[in-house]
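Listed below, chain by chain, are the residues.
2 protein chains.
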Amino acid sequence: MDVQYDVIIIGSGPAGLTAAVYATRANLKTLIFEAETPGGKLTKTYSIENYPGIKSISGVDLAMQMMEHGTEFGAAIEYAPVEKVENCGDYKKVVTAFGDEFTAKCVIVATGTKERTLDLPGSDEYTGRGISYCAVCDGAFYRNKDVVVVGGGNSALEEALYLTQLVNKVYIVIRRDVFRADATVVDKVKANEKIEIVTKSLPHALVTENKVITGLEIENVDTHELKVLNCSGIFPYIGADPATGFLKNYDVLDSKGYVIVDKNMATSVPGLYAAGDVTVKDLRQVVTATNDGAIAANSVTRYINK
Amino acid sequence: MDVQYDVIIIGSGPAGLTAAVYATRANLKTLIFEAETPGGKLTKTYSIENYPGIKSISGVDLAMQMMEHGTEFGAAIEYAPVEKVENCGDYKKVVTAFGDEFTAKCVIVATGTKERTLDLPGSDEYTGRGISYCAVCDGAFYRNKDVVVVGGGNSALEEALYLTQLVNKVYIVIRRDVFRADATVVDKVKANEKIEIVTKSLPHALVTENKVITGLEIENVDTHELKVLNCSGIFPYIGADPATGFLKNYDVLDSKGYVIVDKNMATSVPGLYAAGDVTVKDLRQVVTATNDGAIAANSVTRYINK
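Residue numbers (my numbering), protein chains in the order written: chain A, 461 to 766; chain B, 461 to 766.
The set of hints was computed from the structure by calculation and includes no laboratory data.
Errors might be hidden in some of the hints.
It does not matter which identical chain is used: a pair holds within one copy or between any two.
Said to hold, decoys possible - The calculated EDC-like cross-link candidates involving lysine to aspartate or glutamate, where the alpha carbons are at most 20 Å apart (straight line), are:
(1) LYS565 <-> ASP714
(2) LYS648 <-> GLU532
(3) LYS766 <-> ASP466
(4) LYS723 <-> ASP579
(5) LYS716 <-> ASP682
Generate coordinates for the entire structure from the input sequences, incorporating the hints supplied.
So, in structure tokens, the structure goes:
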């Protein structure tokens, strides 16, 4: 059996693309899988100001630069969702949703996380038509209108700040009365006149008229009082879950679905590695993802040369 | 007692400067110490091709960009070697070699490593006059001459490649008959006509004439035969040791002097953290250093807000 690749990297965010740089610089024959847009979560981020050496860059630009860099030394790329990874002993078989099969000595899982969707009646129906999970992608549709951002983490607040450049007003709805985000970002949000912070509240129902969103009904978590925020768009940033459905047959996931790895980014399955946001870790950042990608590729190199 | 800073970061390489970005973005009052040139080992590296998103950049340029970024959000910087860090319970006192004292709630040690020097009679005398630990700094002094690089890791080989742009000939002396460096770098070295690889050999003595280096005597590790390589310059890249002399009074170092940290970059001493090459780790790279810096600063933020 001819194994086609030394390593298949699933996902082309900062972790996967860094793994590609390191793997190809070590002369490993490398294939990258991407189900959507290269760059992972970067492409949905307006501005990155904490990637050292680059003071400020749009997520899309950093994604493109990383993509060019990741494929600079000969990595191939396939645009397809991965359906499953079969463990064939000393090699792995990766099967895509289109039924195509590829083999490699090692696999690095770098699929990141997927945004948690708003769980209200009608949410699915209105996604892309009033509900958006990407302010950078869809913000311009709400020019001079009022919108609601749900969530109080860094992503929520940064996207809210981004939206103030386009829209008339941004409500930020948070469950508690404090934010989880960095202090500098919170300061910017509090100083922005276009933003109104609504604390201790949770989304309760979509308000629509003629199949168009006109508001979000929210519930106070203490008093259970209901109230409608009039808006044309809703941007939920309420967390994310690891994209590891295709690994269900392996005993490598924690109870939340994140991949358990050791300090070399190795799982308990020989030849199976993971890197970036998809792994069990405390701090999910571009710099921590690139770290993981480099370590995973280095471990793969040692595994193959052994 | 008024503690002056939230955090003092010792060292301004990629780890220290990333810690500065994250600490100041979390509104921590931050002071960085640098004993030499900001940028750490970057400033002695000709070219960086594995920092994701930047395909190729000189070490000095990346160091300058990281320095600008690290001080962008208000971090102060002091140019002084640190002599000791006193543990005063809920704060630390940092004492410089000049006798100045600074206090902070937390300290992040990011001092990296220092190149191991050539251990031959006369080595000290000829350092800077024929022996150099920085090809980028001193390579131009050896234009059109012959030089010897000692060592077979990535640094040695990359500096040898750099030197071929300036000098007439580069001997690379290695102890074994294989290199420890990345395959792509080894390929480039082997393909370069200006480079002659001398395997299974160790430096044995400096050869001088009228107080000027004219050669390096080497010994074959198998036959113990001696042989002189005629050269004007010697560039040793024979490893490095952690710069942790000022931490000797703490029980946080391993037998080689590296700082032992947990996954949050915390040492066993409350309020004392470390990041980057100075810590116990397998892979020392720019991306792994930035990772550590971000995690250390995040841990400090949580420690202080606790």
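Results for each hint:
Taking the shortest alpha-carbon separations for LYS565 and ASP714, neither the intra-copy value of 25 Å nor the inter-copy value of 35 Å comes in at or below 20 Å. For a Cα distance limit of 20 Å, the shortest separation of LYS648 from GLU532 across copies, 16 Å, qualifies, whereas the shortest one inside one copy, 38 Å, does not. Within a single copy, LYS766 and ASP466 get their C-alpha atoms as close as 13 Å, which meets the 20 Å cut-off; across copies the closest is 46 Å, which misses it. Neither within a single protomer nor between protomers do LYS723 and ASP579 lie at most 20 Å apart by alpha-carbon distance, with minima of 36 Å and 34 Å respectively.
For a Cα distance limit of 20 Å, the shortest separation of LYS716 from ASP682 qualifies neither inside one copy, at 28 Å, nor across copies, at 56 Å.
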